[in-house]
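Q: Chains as they are written, first to last, in this note's numbering: chain A, 1 to 502; chain B, 503 to 1004.
Simulated from the structure, these hints should not be mistaken for laboratory data.
For clarity, every value in this text was computed on a predicted model and none was experimentally measured.
Glycine included, each C-beta is placed from N, C-alpha and C at the ideal position.
Mixed in with the good hints there might be a few duds.
[Stated by the list, open to error] Residues from chain A that face chain B, not an exhaustive set, calculated with beta carbons under 7 Å:
no.	residue
1	Ile16
2	Lys19
3	Ala28
4	Ile29
5	Ile52
Protein chains: 2
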Amino acid sequence: MQYHNVSEALSALQAIEAKRSALSHAMAIIYFDSATVAPKNTTEGRAHTLGILSGYMYELVANPENTSLLSYLKEHEAELSLEEKRRSELFRKECEQLSRIPQAEFTEFQILLSKAGDVWEKAKIENDFPAFAPYLEKIVDFNRKFAAYYNPDIPAYDALLNEFEEGITMETLDVFFDKLRSAIVPLLAKIQTAKPIDDSFLSKSYPIETQRKYSEYLMEVLQIDRGYCGIAETEHPFTENFNNKDVRITTHYYENDIASSMFSVIHEGGHAIYELGCKDDYNHTMLAGGVSMGIHESQSRFFENLIGRSKAFIEYIYPTLRNFFPEQLDGVTADDFYRAVNKSTPSLIRTEADELTYCLHIMVRYELEKRLIGGTLTVAELPAEWNRLYKEYLGVDVPNDTMGCLQDTHWSGGSFGYFPSYALGSAYGAQMLHAMKNDLGNIEEKIASGDFSEIKAWLGERIHQHACLYAPGELLEKTCGKFDAQYYIDYLTDKFTKLYSL
Amino acid sequence: MQYHNVSEALSALQAIEAKRSALSHAMAIIYFDSATVAPKNTTEGRAHTLGILSGYMYELVANPENTSLLSYLKEHEAELSLEEKRRSELFRKECEQLSRIPQAEFTEFQILLSKAGDVWEKAKIENDFPAFAPYLEKIVDFNRKFAAYYNPDIPAYDALLNEFEEGITMETLDVFFDKLRSAIVPLLAKIQTAKPIDDSFLSKSYPIETQRKYSEYLMEVLQIDRGYCGIAETEHPFTENFNNKDVRITTHYYENDIASSMFSVIHEGGHAIYELGCKDDYNHTMLAGGVSMGIHESQSRFFENLIGRSKAFIEYIYPTLRNFFPEQLDGVTADDFYRAVNKSTPSLIRTEADELTYCLHIMVRYELEKRLIGGTLTVAELPAEWNRLYKEYLGVDVPNDTMGCLQDTHWSGGSFGYFPSYALGSAYGAQMLHAMKNDLGNIEEKIASGDFSEIKAWLGERIHQHACLYAPGELLEKTCGKFDAQYYIDYLTDKFTKLYSL
Chain A
1 MQYHNVSEAL SALQAIEAKR SALSHAMAII YFDSATVAPK NTTEGRAHTL
51 GILSGYMYEL VANPENTSLL SYLKEHEAEL SLEEKRRSEL FRKECEQLSR
101 IPQAEFTEFQ ILLSKAGDVW EKAKIENDFP AFAPYLEKIV DFNRKFAAYY
151 NPDIPAYDAL LNEFEEGITM ETLDVFFDKL RSAIVPLLAK IQTAKPIDDS
201 FLSKSYPIET QRKYSEYLME VLQIDRGYCG IAETEHPFTE NFNNKDVRIT
251 THYYENDIAS SMFSVIHEGG HAIYELGCKD DYNHTMLAGG VSMGIHESQS
301 RFFENLIGRS KAFIEYIYPT LRNFFPEQLD GVTADDFYRA VNKSTPSLIR
351 TEADELTYCL HIMVRYELEK RLIGGTLTVA ELPAEWNRLY KEYLGVDVPN
401 DTMGCLQDTH WSGGSFGYFP SYALGSAYGA QMLHAMKNDL GNIEEKIASG
451 DFSEIKAWLG ERIHQHACLY APGELLEKTC GKFDAQYYID YLTDKFTKLY
501 SL
Chain B
503 MQYHNVSEAL SALQAIEAKR SALSHAMAII YFDSATVAPK NTTEGRAHTL
553 GILSGYMYEL VANPENTSLL SYLKEHEAEL SLEEKRRSEL FRKECEQLSR
603 IPQAEFTEFQ ILLSKAGDVW EKAKIENDFP AFAPYLEKIV DFNRKFAAYY
653 NPDIPAYDAL LNEFEEGITM ETLDVFFDKL RSAIVPLLAK IQTAKPIDDS
703 FLSKSYPIET QRKYSEYLME VLQIDRGYCG IAETEHPFTE NFNNKDVRIT
753 THYYENDIAS SMFSVIHEGG HAIYELGCKD DYNHTMLAGG VSMGIHESQS
803 RFFENLIGRS KAFIEYIYPT LRNFFPEQLD GVTADDFYRA VNKSTPSLIR
853 TEADELTYCL HIMVRYELEK RLIGGTLTVA ELPAEWNRLY KEYLGVDVPN
903 DTMGCLQDTH WSGGSFGYFP SYALGSAYGA QMLHAMKNDL GNIEEKIASG
953 DFSEIKAWLG ERIHQHACLY APGELLEKTC GKFDAQYYID YLTDKFTKLY
1003 SL
């Protein structure tokens, strides 16, 4: 294809982007349906459709004609706006990566994943790791192969990490996690000797119907427009975005745990706020949506922990929370509640982990992924190794695989290299909070009065609106300087030292 | 494209059918999501995606290369099995029809519909026909244009009718409806003078949460496998099928109306039973799914009325129903309940109409559609004309458009020519019941004991499994002879004469 001018080439790019966005939307909604309301035994038909749709996607992105389009745009780079240049670059990256994956493999992988999701869900419920193992093996193999397609010159796991957080390597992460561990472990040791926090009231009976209404209240507090954002219920909470005006979060209600869904809603709400805040103009282009898993987690964990588990926030919502559950919270003060939802105890489940031990859960997964992809650990060895690391890092005994290596949805979803972004996100968030406080002053006061407008505007202006315009490292640096784990370590140390009067 | 042998050509056909099935699935699930759980203000992104997906569908079906494929298959017709021949024929019909619609128009129509659905829903809630009118005008125009593309040699409305029920014309329907009306009207007149039936207990307060559980019970009674069939809640009940192992029905619960959702579930359950009974091998081919609206309605209305509103059925389920609602049904006998759900009263809402007056509601729509498409009625005149015909046919005054011409979803969904298939389906069903009784003997006894296996097997063998293999007329004839409205008239006359002791 010959292009006569830049505007013609950009139109061609836009047409591809529009199709790409539609195919993604279709696949995402099929996934969302399967996780929320689809009847149990409907995997097969879904696999058929996802196979075909990813075939369409493959033909679109790996189309050899894209080469001439991208060459033309590269030659005329000087005539492109910042946005146009970034769209071309991101599309080039996607084309190059995908073109390296043979179509049959790509389609086979999509079909595998749609089945693996259901198998994992069943295996988790039935504590049946062997049922899931053959799927996991294939997923690991695919990831290893894909990593070589992405970049054969670097270690496979680095190539996968780069997919979730551009530029992040095992070298960086080893240092980051070492530093973090040497701060967390002694802090945790001191906490073991401090006066324990009573959180028994969190596990009273909280009727699910009332929890649902409480979720609506939390969405209101976070000023998330329900006309653009749905809440559904799934085994494992997640956020799915179709465009910046259609985002869905999910949660899971447990009758005997008020904190679980509460912080899931705030966490996923943080993801939703990011997606809903992306610039309208970027919809259906390569710039649409959050830029990376790390930045995404920085936003979700910002709302979940830095705001949601702050004393100011709990003080603000507590009177309403007590109205929802007057009997369950009889005699419990806002401060009691604040302390309870921040209680630090080494535990088994990542998504239920407290803010301090959370990163230790990530480190277990990081170690295991490194070795699974690196080929020094087999899937068959995974459960035992998981349990061993939980004992070593967190000091807990894993009673079964349901509460062990089957707990997360990520691997069944095909993702290796995703987990570290949770820890990175937490650290990014703390660094952003530091910068925000420099700009806005006393944000605790604003939070305590339920006024999130300045906080949301600050994040919206610096992070959300830009969507994929800047690479994650660049975006972070623009917002609050070069990444430095120290902000996170300082934040944790300060919070938990005060909480436990260490 | 050159084909070397039939098997190669059939592979090519199958590849197209597979894609067609996947694109339909994707579009259907986006529609299903929008009707069930999507946040309110998410139309725009959905319209974008549906536009692109229908573009893909258009390119697939209207692809000029299909001509050589279809010619090749036509030339080698003698070598094809019955199934292969029908697949080719159905695909040829679809190609020819679609190729006549310019792609831009097709896409524009899909985008229009995705918006019109939301506008109609809002207009219905707010009794605001003028808000919906401009959309309806465009939909009528599109239908008129499409009819000319389908078949320019016959009246536009005949061409549309043919889309829903192959071979049906205004000529046939005018006769059918005249005959039906001359049986129903005098029967109805007699009923007005008979002793009225008390159905006041149906509008007591029936908590929705319990109604949901009652729906689950009804699905169990109908032996519908919930692993393949979901229930969701929508403004207007419908059934959506993605394949023969993934069907979704919807219902609408009203706290003060136990009969509404009950018979919606049985009606939609009938659609689901049909879809779930289609042959596995037909999935992802042109043969997949129910063959026509008329045959589909014959199944849904068979279960809703001929079974669901029969004395035997009510006697079977009544003890359980009373366990669900002991206070509401205190002092009400199975016979009282049977009489109440069959009470015949001219009313406003089609979906809530009793079995006897139902077809009068259809006749109103048939008259209006004929004239809208024929160009002798404008959209602006529609509400007044609707109200006039309701007065003439049913003797009722329509208080507002919400309960009048805004009540149905069909027009906003783009469908003109659909409504008559409800009446046809009812008549087909009565004719099937007659044949079934000849074969199975006393089916009331089986129903009264909750044994639906023989009834479902009879329908499954004669109707369901064949999916689209036979044209509706042919299928009906194979099952129970040439279409004859007299069976339906006899059935209605017998039932209502006994019910009201006329």
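Q: Would you mind marking each hint as holding or not holding in the structure?
A: A quick look at each hint next to the structure:
1. Ile16: 11 Å, violated
2. Lys19: 5 Å, holds
3. Ala28: 10 Å, violated
4. Ile29: Holds - the Cβ of Ile29 of chain A comes within 7 Å of chain B, reaching about 6 Å at its closest.
5. Ile52: 3 Å, holds
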